[in-house]
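Using the sequences and the hints given, assemble the complete structure.
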Amino acid sequence: MKRAEKIAAALVALLVCWLHLPTAERGPWPPRFSSFTLSNGLEADYLQGKTSALSVVQVLVRGGSRMDPAGREGLTCLTLSLVLQIPDSTLVHRLMEMGSTYYQSLENDYGLITIVCQSRFLDETLKIICPVMADPLLSGLRINAIKDHMKALQKSENDQPLDRLRLLLAQAFFAGTPCGHSAYGNADSLKAITRDDIAASHRALFCSGNLKVAAASDLDEPAVREIISRRFAAFASGPAVAPPPAAANANPPKELNQRLEQKQSHIAIAWRLGGAEPLGANVIRGVLLETLLGQGAGSRLWALRSRQDLAYAFGAFDLNLSCGSLFCVYVKTESGRGGEGLAALRNILADLWQNGVDEGEFAATQTMAEADLLRRSESKEQLSALPLRLEGLGLGAAFADGFASRLRSVSREEFNAFLRSALSPEGRMEITIGPEAAK
Amino acid sequence: MRPMFRQTRSCLAGLILFGWALIGWPQEQSRSFTLENGLQVVVRPSSGAPLVAVSLACGIGVRDDDRSGGGRVHLLEHLLLVGSSLRRSAAERIRDIRGHGAQYNAHTDQDLMTFELSVPAEAQSWALETMREAVFENRFTDAEFANEKRVIAAEIAQLADDPQRSGTNLALQRLFTGHPYSHPLAGDAAGISAATVAELRTLYGDYFSPGNCVLVLAGPGAAAELEAQVREAFAGLKSQPPPQRTMSEASPPGSDAEIVHSLDVTQSHLFFVFAAPPFGHGDRSAFDILVHILGHGLNPLLGGISRHRELVIHGMSLRYLPLVHGGALVIHLVSDPENAHFLKKEMEKLLDSLARFNYSRADFQAAEKNYVTDFLEAAKNQIRLSMEAFQEGRSNMATSIGRYLLLGREKPAAESPSFPDGITSDELRRIAGRYLKGKKYVWLAVMPLGKENEAR
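From first to last, the protein sequence lines stand for chains A and B. Sequential numbering from 1 applies to the first sequence in the numbering used here. Sequential numbering from 1 applies to the second sequence in the numbering used here.
It is worth saying that the hints were derived from the structure and are not from the lab. Think of the CB as a built atom: it goes at the ideal place given N, C-alpha and C, for glycine as much as any other residue. A few of these clues could be false.
Claimed, not checked - Derived pair list, reagent style EDC-like, types lysine to aspartate or glutamate, alpha-carbon separation capped at 20 Å:
1) A:Lys263 x B:Glu452
2) B:Lys437 x B:Glu338
3) A:Lys147 x B:Glu338
4) A:Lys151 x B:Glu338
Stated by the list, open to error - Here chain B is said to cover these stretches of chain A; the calculated rule only asks that three of the stretch's residues, wherever they fall, bring their Cβ under 8 Å from a Cβ of chain B:
5) 89 to 103
6) 326 to 335
7) 412 to 425
Encoded structure:
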């Protein structure tokens, strides 16, 4: 299950592309979004779903942790956290009593706020949350509390080997750029962030041109449109942010080691995917490669478990950032077998690089990738997040048009040519996190 | 991708909710029946994504392993999942599963083993055949047996590195000391090493009969059509008497237990584990509401401990496990190591206060009503919301239905399966007094290396 979650981002992008196809081409599922624009210029999408009486409203905040100024890393995370701090305790009580819930997540290129409630409470829930998002209380007490919490999240990121691996990859491949730091910042950067910094960040991020809303509900479209239009009218007009440019590190290290006193080591190989190719070109290839290498029983990495008894846990994931795409394969193996694990990963990649895939394996990979798209589109929360995440990556609807058709029309020869360039041993980084890493 | 401030929900939420969600079913569409060979079946037509979910719950859990730490039931689960069948090799099975785009998984807990298969709707018949093959037509080889022993050894090592999972497992083992529920879910290295093929084949023969299982199919199509497909796939299986088992109820701990464990982490993970109402017990619904009040939603009651800034809780999750012969509440808090000891004291104070807490606005005088939180109403609405979300995922729904029905054979539910609107603040205080106030419990701290003493 966890492996499936790790590839969600790429699958999300793929499914969003699918969403934009004509109904006749993709069948009756997923249902189509309809779009509308509020008077302040804020764009919104509506999706009807009758399987449950709950509503999901998601707010895309363009920019992401990439917007953090140098020396102020963590600023965007802090801003996103503060806009969901409801200052009036009576209103907090009311939200609790309705059972409504909300949370936010932050990526390199965008933030996403998710609000989930029973549909009968949709208007009342937004009535409480939207004004605070538009005009949060930036008190010193609240700012310090969030900073403390972010320090804890920095530790948590450090304690989870896979989270640590993702951060290490971003730091190594995008060192010195806005894409190469933790969204939670560090002790010094959090200390440096002032109330004025947060106010400026909020003004830039929470204006109509920088936000996009998606609502999925069993309520009919006119009712939802009316509620969204009324509740999101409070946001000031303004343009989308322009993220600072960032280029990948031309000379990333060949090797990274981090000592962790555990029973097992994470052994990984990572590389840039697609080189100078635009991000959009890498997304579909990344999904197919992820599925081929690390998605479940029968994938290429499955051999580490079924034939070489090296591991229970293995996986592959790609990191799609607007700065570029990264790809990583990993295995978690017992202390003392790290060298064996690394050799096994190298062999799998070398075999794929040299020999490619045959028709049967390629067809199964395509089938599995498409089936995973369906599994990732069952809930309203998943469905409404998809277009926003793609938008947040900067790919947009134009990129999406015809994407699913291209997935199905990718030939084995084309894919093998891609493998031949993407899996070249040059430019790879080998990572060890665990007891076998040098101190 | 990680949400920043989201509460972790119990992975068994579906099981707990299902008793209530049952009432919300469009009953006229769902169909329940039992085949002549004893296999109990529910078919659930569903709209939405063109997917089908097949779930099969079997009445065998780690409680049925007669050696503590044996891990044989878990090993058997692995072999059914990825071993050869009467018809073909493991490699052929896996290739076929992949070629159909299927997601295929299995889980073993104290009471049950469940198998889940999710696949595009056009492969519905194939999914049923594949489930039958995996569970009822398995013939794992000696080589597969040997390989899976090594895989499980790696899984056990992986669990040991994970503070949340290892802490939960160790605390539950201590809570259920002397009862088969104390067997570690994954087994231990020595037990796995000692397991034999003959033992596993005996377990397989004894427990994997249609009469000891519940099958749930959720997917597009009319109920009659789904029923016909199930009959075609499963009616040919031979019946066999279900296994007979007698098992005592797990006793609450006779004394408090304190365990300190260390890992290479920077935060401390604190576990407070209490005995709780078992499956089918009349207190289960009220206890579940209390768990929601304590640890779910926007401002759970346990979060109040953070009112002292130095005792801030960085993460929190609550799991309520209503097992057949005993229940458990696992409270997991993440904090800075230096706060571990004080947090324990604060938690004891808070849990003691729950037996006199005002959960509902109705508990207050008129002048105060506008300034208080109605925790009882909040919990009921959280549950209503979860029940709605539950309708959106076929696999979870199918598995939860199967579990609920199979556990219900051993312990028919004493509580009403309807939504517990009638539960009152008085009832919650009674439940808190019965299960939490002053009760013996297991406290376990997973501490960073070198900081073990800060827990004491």
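Now the hints, each set against the structure:
1. A threshold of 20 Å between alpha carbons decides the hint, and for Lys263 (chain A) with Glu452 (chain B) the separation of about 19 Å falls inside it, so the pair holds.
2. Restraint check for Lys437 (chain B) and Glu338 (chain B): not satisfied, since their Cα atoms lie roughly 26 Å apart, outside the 20 Å limit.
3. A C-alpha spacing of about 19 Å is found between Lys147 (chain A) and Glu338 (chain B), which places the hinted pair at or below 20 Å, so the restraint holds.
4. Restraint check for Lys151 (chain A) and Glu338 (chain B): the C-alpha separation of about 15 Å stays at or below 20 Å, so the hint holds.
5. With 12 residues carrying a beta carbon less than 8 Å from a beta carbon of chain B, the stretch 89 to 103 of chain A meets the three-residue requirement, and the given coverage holds.
6. Counting residues of the stretch 326 to 335 of chain A whose C-beta lies closer than 8 Å to any C-beta of chain B gives 3; at least three are required, and the coverage claim holds.
7. Counting residues of the stretch 412 to 425 of chain A whose CB falls under 8 Å from any CB of chain B gives 0; the rule of at least 3 is not met.
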